[in-house]
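Peer 1: Got chain A; can you put chain B on it based on the hints?
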Amino acid sequence: MEVFVRGSSSSTQDWLRAQQIPANELPPLSEEQKTEARLTHRSEEDYARSAYAGQLSQQRLLQATLRFGRWLNARVEERNSDSHVEAIELDTWGGKLQVKVLTGGEVVNFEMDEDLVEQFLITGSAELEKSIFRLLEINLPQQRVARAS
Amino acid sequence: MRLSGRPATFFLSEEGKEFFDRVTGTVLSDEGEGLYTVTSSQPPAVVTVDVEETDDVGIWVQMQRESSPRILLLRWEFILGIELPANPGNVVGLRG
Chain A
1 MEVFVRGSSS STQDWLRAQQ IPANELPPLS EEQKTEARLT HRSEEDYARS AYAGQLSQQR
61 LLQATLRFGR WLNARVEERN SDSHVEAIEL DTWGGKLQVK VLTGGEVVNF EMDEDLVEQF
121 LITGSAELEK SIFRLLEINL PQQRVARAS
Chain B
1 MRLSGRPATF FLSEEGKEFF DRVTGTVLSD EGEGLYTVTS SQPPAVVTVD VEETDDVGIW
61 VQMQRESSPR ILLLRWEFIL GIELPANPGN VVGLRG
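Protein chains in written order, with this note's numbering: chain A, 1 to 149; chain B, 1 to 96.
Chain A on its own, in the form it takes in the complex (with noise of 0.2 Å):
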């Protein structure tokens, strides 16, 4: 299974942790940061502090996503035997979860909403289970889709 987080949405701890670091650990910006840096009136420490805020966030969301990725797909699995998770991308932008499924050879592609995720993760809801186990039923061709006795 393949893993993406797009753009990134820093936690407060992440942006503490930038900010507290020493400005010459900072990871360098390219010249398309500091060109950007330039455009939105930001020092260049501010900008890489806030660059590697976000950097922070990538890597945090990357292993979260990575691991609803698994939980999902073993139920994805356990719903058909010929399907699996090929991929799941997180768009912070959009607030979306991009989720493709191999199921018989066939692609299908959804989204789920990146709070619903999020507060799975954080809950691990029975109500919030019910409904992401709601969209696999809705998404995934229904003849494939093994029902429960």
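I should point out that these hints are in silico values taken from the structure, not numbers from a laboratory. Since this is a predicted model, take the numbers as computed values, not measurements. Certain hints may be false.
Unchecked claim - Here chain B is said to cover these stretches of chain A; the calculated rule only asks that three of the stretch's residues, wherever they fall, bring their Cβ under 8 Å from a Cβ of chain B:
#1 4-13
#2 34-41
#3 55-64
As the list claims (entries may be wrong) - Over 10 Å on every C-beta distance to chain A, these chain B residues come out as not near it, computed from the model:
#4 S13
#5 R75
#6 F78
Glycine included, C-beta positions come from ideal geometry on N, C-alpha and C.
Peer 2: Quick look at chain B alone, frame taken from chain A:
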């Protein structure tokens, strides 16, 4: 579109600029100097900061004040406009 957790550029009303000046204790220059830089001494003033979250009252932004991390509420009525890069950012990935 989500603002939370990303930098954004805000165009501030006159009251917004006065408020920001007062809270940050910074005389905002038009030369790109200082941590929080406003590009004009006349409204609309422009400032780029990291957004913590948004709600019905306004936008909570993250900032340093005398080297101390702070959260500041910019009320919606102080904001004339918001600018963001159209590109949502780079992609990272792994195989797991």
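Peer 1: Hints first: check each against the structure and report whether it holds.
Peer 2: Each hint tested on the structure:
Requiring three or more residues with a Cβ within less than 8 Å of a Cβ of chain B, the coverage given for the segment 4-13 of chain A holds, as 9 such residues are present. A count of 4 residues in the segment 34-41 of chain A with a Cβ less than 8 Å from any Cβ of chain B is obtained; the coverage claim is therefore met, three being the minimum. For the segment 55-64 of chain A, the assignment as covered by chain B holds, since 4 residues bring a beta-carbon within under 8 Å of that chain's beta-carbons and 3 suffice. S13/B, annotated as away from the interface, keeps every beta carbon of chain A farther than 10 Å; the closest lies near 17 Å.
At roughly 20 Å, the least C-beta separation between R75/B and chain A is larger than 10 Å, which holds for a residue marked as non-interface. For F78/B, the condition that its CB be more than 10 Å from all CB atoms of chain A holds, with the nearest at approximately 18 Å.
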